[in-house]
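Number of protein chains: 2
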Amino acid sequence: MNPELAVETEVPGALALRRVGIDTYQENVAFLHRACPLYLTEGFLALARIEVRANGRSILATLNIVDDEAIVGEQEIGLSEPAFVRFRVAAGTPVQVEHATPPASLPALRRKIAGERLERADYLALMRDVAQHRYSAIELAAFVVSSGHFDLDREEVVFLTEAMVEAGRRLDWRERPVVDKHSIGGIAGNRTSMLIVPIVAAHGMLIPKTSSRAITSPAGTADTMECLANVELPFARMQEIVHELRGCLAWGGTADLAPADDVLIAVERPLSLDSPGQMVASILSKKIAAGSTHLVLDIPLGPSAKVRSMPEAQRLRKLFEFVADRLRLTLDVVITDGRQPVGSGIGPMLEARDVMRVLNSDPRAPADLRQKALRLAGRVIEFDADVRGGDGFAIAREILDSGRALAKMNAIIDAQGRRDFDPENPALARHAFVVEALRDGVVTSIDNERLVRLARLTGAPKVRGAGVDLFRKLGDSVRAGEPLYRAYAEYSSDLRFAREWARHASGYTIGDRFETREFAEF
Amino acid sequence: MNPELAVETEVPGALALRRVGIDTYQENVAFLHRACPLYLTEGFLALARIEVRANGRSILATLNIVDDEAIVGEQEIGLSEPAFVRFRVAAGTPVQVEHATPPASLPALRRKIAGERLERADYLALMRDVAQHRYSAIELAAFVVSSGHFDLDREEVVFLTEAMVEAGRRLDWRERPVVDKHSIGGIAGNRTSMLIVPIVAAHGMLIPKTSSRAITSPAGTADTMECLANVELPFARMQEIVHELRGCLAWGGTADLAPADDVLIAVERPLSLDSPGQMVASILSKKIAAGSTHLVLDIPLGPSAKVRSMPEAQRLRKLFEFVADRLRLTLDVVITDGRQPVGSGIGPMLEARDVMRVLNSDPRAPADLRQKALRLAGRVIEFDADVRGGDGFAIAREILDSGRALAKMNAIIDAQGRRDFDPENPALARHAFVVEALRDGVVTSIDNERLVRLARLTGAPKVRGAGVDLFRKLGDSVRAGEPLYRAYAEYSSDLRFAREWARHASGYTIGDRFETREFAEF
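Line order of the protein sequences matches chains A and B. One gets my numbering by counting positions in the first sequence from 1 and adding 682 to each. One gets my numbering by counting positions in the second sequence from 1 and adding 682 to each.
If you are wondering where the hints come from, they were derived from the structure by calculation, not from laboratory data. Since we're looking at a predicted model, the values are computed, not measured. Warning: the hint list may mix true and false statements.
For chains that are exact copies, the list does not tell them apart, and a pair is met inside one copy or across any two.
As the list claims (entries may be wrong) - Heads up, simulated DMTMM-like pairs for lysine to aspartate or glutamate below, C-alpha to C-alpha not over 20 Å straight-line:
id: 1; residue 1: 1144; residue 2: 749
id: 2; residue 1: 1144; residue 2: 780
id: 3; residue 1: 1155; residue 2: 1102
id: 4; residue 1: 1155; residue 2: 1050
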């Protein structure tokens, strides 16, 4: 026993970095071999948070201990694929490994979990740490659940939104206005963006639209546009196209906008959490980060949409307006008819077909999709200082009917990289089944949620040609045996499961009379 | 496009099971290669929950996609180490893989996240799914945070406790009473169990004590006992010892008691969550599952303990009593002096030394440890119907002073498997530093939390000989330069960091006068 200070100076341990080919999605995971000397001496626990450093860069990760040299060797530290990519240090580089200093914002996270109200500085620090992947999935889950329970007040939503913008890149298009349109979603089809962008760009306004891929829906705008053109553009290329054509329809992933939003969504999704505060912060942060100055927001309202009552829609609208106002984003909220899907197709190929039919003024084009797109495009056009209030719709309609919108879409498609698409014969999945009406009557309700789920079961959006094609909409008369919709699937296992599921409940209700309560819009 | 029902019958895909040597602790993780045909067709998303089945067994896991054939091949499905062990199916067996049916209790989990009160049946279903690892870390985090926010009422705590017992094994020792003692923890040292068990067993009562290893403290009872004897006994051997000697001091991990508790603790710990309801359910479920009929519960109270005010201690006591009553466990709660560590040593070897000194009636034995152990052992002995209320202490003292407790401890050590331990020369870590008083005066406060943290930094409990040896306690006079405590560490990196940390704040306050407010116990 050596009671005094005989301190040997040991050379601090460095381990060689190894890339481990495991996709851990939004989480950073590190791997140490159980026999690694550093593991033995440092007292790391299972699931400890550690910090890995080299070349002035650092990354936090959750530690997994490994017993297999084929995965990581005793003198190595492994990083899972997303962590390795984020770290941006070459494999084989000697790195330092130590216990992670807790994120600077951890006290603020703990206070939110304890139910306290947080200040602007707290949110800035929190979102910075969230965007840098400094929190584990468990900590993030605790945060989002607490934010839901204690109902962020509207000031907190402003702070959260601002912080999410600050913690990532913010685009500046160097002109005004920069316009955009967004739907909160929750109804199937509804592919209006792919019509609004060419219409508004043809009018001459700047509309650099980036969109996401679907997370829980059967098709996102990026998935649908990908049937017609490339969407994964390098950011510089996207800027060129926007400057040349006034608009684009690209995937937003390359631009690193509001990355904290993506991290939080990865945790909210498995918990089916979507509180108003989180929804507002998520949507507005992405739009502000994308450089938008003016936004039209579509809130579909209906018994199977995200928002199910007018009072709820109004509360959400007020919250959006309050936050947008404080962050100097000009916002126009439109509450729309969400009682049924908009359009005929649900699924990327089917929706791309509908969009091209509208642009081509094809008589088979879904009238509701055309009408809604014109209405919303008109509201966007009214952000133009030279356009009289109320004239937007007519301008949009003229642009569409004259073929200028089609020409603009073709220019965008060519610039992004045209893909083979034949609107007469879109590449649909090879198996199909039809669901028929079981009685005479009229269609009295259509359940968005069931149809969305059915389209997911058929394989959309991963299988682009899968989905559901609707033949009848609300208020249509049907006779027993007539087809209501056809579902397409590529794999017979998907088809079988989807057909069983639809047999159980098709999503359609046939009744005697449909009260065509006009949907009063605000 | 094949519009009708040309369904090919495909042979359902089976993959070969592969053991992947990654320790994912409480979570089950599965690995599929990105090119695996099943991954491509089934539409699994990153982090999807899947179910793996074979031989009538099934397991749920979170899916990670892999790009490295060395980890898992295209026709294989990998399971992380703990998942593979839980699944109990041989590597190479063909298994079925599909989307996980959501756990049956998921609606109840969602309701708790939404803030609702749950019923008995809800908790039974929930804990069953928790114990079977059917929930992801994210879902569990949401559950524990929500249980904390909405303050489970006392009935819910009863339901939760009961459900945690039901979802695991329950021992029956086939006699009454079966006694036990537990401390809620939060103060350093306090190694009373290792004195109470031999005393009570020598008296003739059945005290089959299983203990845990430390999670956040510098030593658990299992870690400390392991300095003297084996603690990881096969369950059958543990039963034999208990029947022969009336007691044991074993590690509880082999008995599979209240497994849901371990799953929840793994999530609560990183979040530093420990609400009263969760604490009561955790402790009482383990004791009831272990077959205890009578329990003495020690609640230390002090400014740096877990419980910091008498009203808080009383509330906690009432909750323990209510739940124990409803579950027919006889409970005696003792609120004890938690203003400083109990004993001299903090860390496994140092605490084992203290325990053996008390059993040997060594004059160097810490008086506070001896006194507290006798008091609590006396309360346990008073569960004996033949013992008069108040006589327990004297009986315990006689057993200790006569050497019967030492003889019993030696018998238990021999039965479990004696280890080399010399109380005159315990195997302490090789480096040390001393912290001295900076002024003359008396010790007016000792911060448990700082000392616990310091002991962890020295490497306890993983390094058994590491820790802190206290020379002065509350109220003791000191002169400037006199040693307050000595810290032991094995690795110079630990020593360096610990010494820096202690230099910053030693945990001791020296003042002019110590108000020896007698700690009034209830």
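Hints, one by one, checked against the model:
1. 1144 / 749: For residue 1144 and residue 749, only the inter-copy Cα distance (19 Å) is at most 20 Å; the intra-copy one is 35 Å.
2. 1144 / 780: between (40 Å within a copy, 17 Å between copies)
3. 1155 / 1102: neither (30 Å within a copy, 82 Å between copies)
4. 1155 / 1050: within (10 Å within a copy, 81 Å between copies)
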